[in-house]
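> Sequence:
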Amino acid sequence: METSTLKVVTFLLFSSWVLWIINTHFQRWRERRTLIARHVCRTPPTPAKSDPFGLVDMRESTAAYHSKTLLQRTCEQYDQYGKTWTSRFMTQRVIHTIEPENIKAVLSTNFYDYGVGWRRKHAFRPLLGGSLFQIDGHAWAKSRAVIQPAFTRARITDVGAWEGIVESFLERVMDASSDKRTVDLAPYFFKLATDLASSFIRGKSTIDSEDSEKKEENDFLTAMKYAGGGCEKRWQLGMFTFLFPMKDFYRQVATVHGYMEKQVDDVLAVQDAEDFGKRRDFLASLTERTKDRKVLRDEACMLFVAAADTTGCLLTNLFFLLGRYEEVWKKLREEAAAFGKEKPTAQDLKKLKYHVNCIREALRVLPILPSNSREAYKDTVLPVGGGPDGNSPVFVPAGSVVSFSIMAMQRRKDLWGDDAEEFRPERWDNVQPGTNWAYIPFMQGPRICLGNELAMLEVTYIVVKMVQRFERLDRVDKDPWIEEVSIGTTSANGVKAMLVPDETYSVGA
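Numbers in my numbering are just positions in the sequence shown, counted from 1, shifted up by 417.
Mimicking SDA-like on lysine to any residue, the simulated pairs with C-alpha atoms at most 25 Å apart in a straight line are:
hint, residue 1, residue 2
1, Lys748, Lys895
2, Lys632, Leu685
3, Lys708, Asp682
The hints are simulated quantities; they were obtained by calculation from the structure and are not laboratory data.
Based on the sequences and whatever the hints tell you, model everything.
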């Protein structure tokens, strides 16, 4: 009898569990049907029906990455399939879009429907841990509130903090390019970006370091480059990250963390000093809000990647373009001549309309972060992209990924004109970037890059100093721009040029 009762109880429990699952799925199905009907959603094109798990696409994307044609392939896919289309990666649905309305919905209007997703968290967790770049929801809001005060107006607009660093950069470039020698500017730009990032984070650039610290810093920079590239490859591989060699990757990550932890310890050790409150560096500011070493380390790593890599990429791409347009260089020199020997302030830099236009245009044609994505954390809807004409809303089930190509969107001819792929700074005379969702080099919405104003000011200042110091920048390499995709995207061939100095320029200017 006891055995019979146990069987009955087991059967009832199992039946209840099965009924609960059926009811849960039915309720979800009914809610989804209601949402789809309410918004009149229609399905976007699914071109690769013969590749149900996305393995062919993954293989072709990997091949394109190694042949440095990944971005070209992505743009060609949008040309072929339309502005919104779908694919699959294993069991996950991916919605690809370059519609500004859809991107606005993902990054702003329906911000809390989405998050950075498992794939990004998994790929970058070894290097960036639980930093702002990696988290969502309440944790993200709390972390952003802790970090944002470090980007005060005084810190962002402190042009004097860059002067010595930029002068050191100019001296190195002058030496390397003397006697009409060809020089690749890319390594110098990345060294400059590293010095600027280091100065902002710890209040001291690598040019101020003692000789005994040089090797440690060089090891750190080498490790950071390898680790950053490794994270990008892990992101591309998704659940197949086990195919990426881990031993070397984790050794380089350990080198990065060891260096950053030393910087954190140095700051914590002097936080009781009398003049500590006067420090303007990022770590000093952050220690006023948290003493957690891991939090400080992770946020410092995140900021270094965001500042050094992206600024180096922007400078390289910008000067790659400037070297092709002699008339643009002349206009920049004419605008910068207004300063004479006066040192420009942050307000002066913001008024340099043509300089700012050139930087905006470089970020449009060659965006540093050419693509991005978000994962839907709940059932939601995109405004457009569905149906044969692409004008109907699109249902986005929870767990789906919305991927958007910033480069493809910022080169759309229907949005930017027939010359959308050309570098033409004058187009910005009639465009207001802050309200234009077709232009998002620093993203938009609540997660907009905290350092975007700082980056624009730094790069404007560097351009001013370059056009003052050099009469011409003649590109020696006439090859087209070829992508080098890591965390940021830059010219694989660097910027090989011959610099013609302005003989009338005074070093004191």
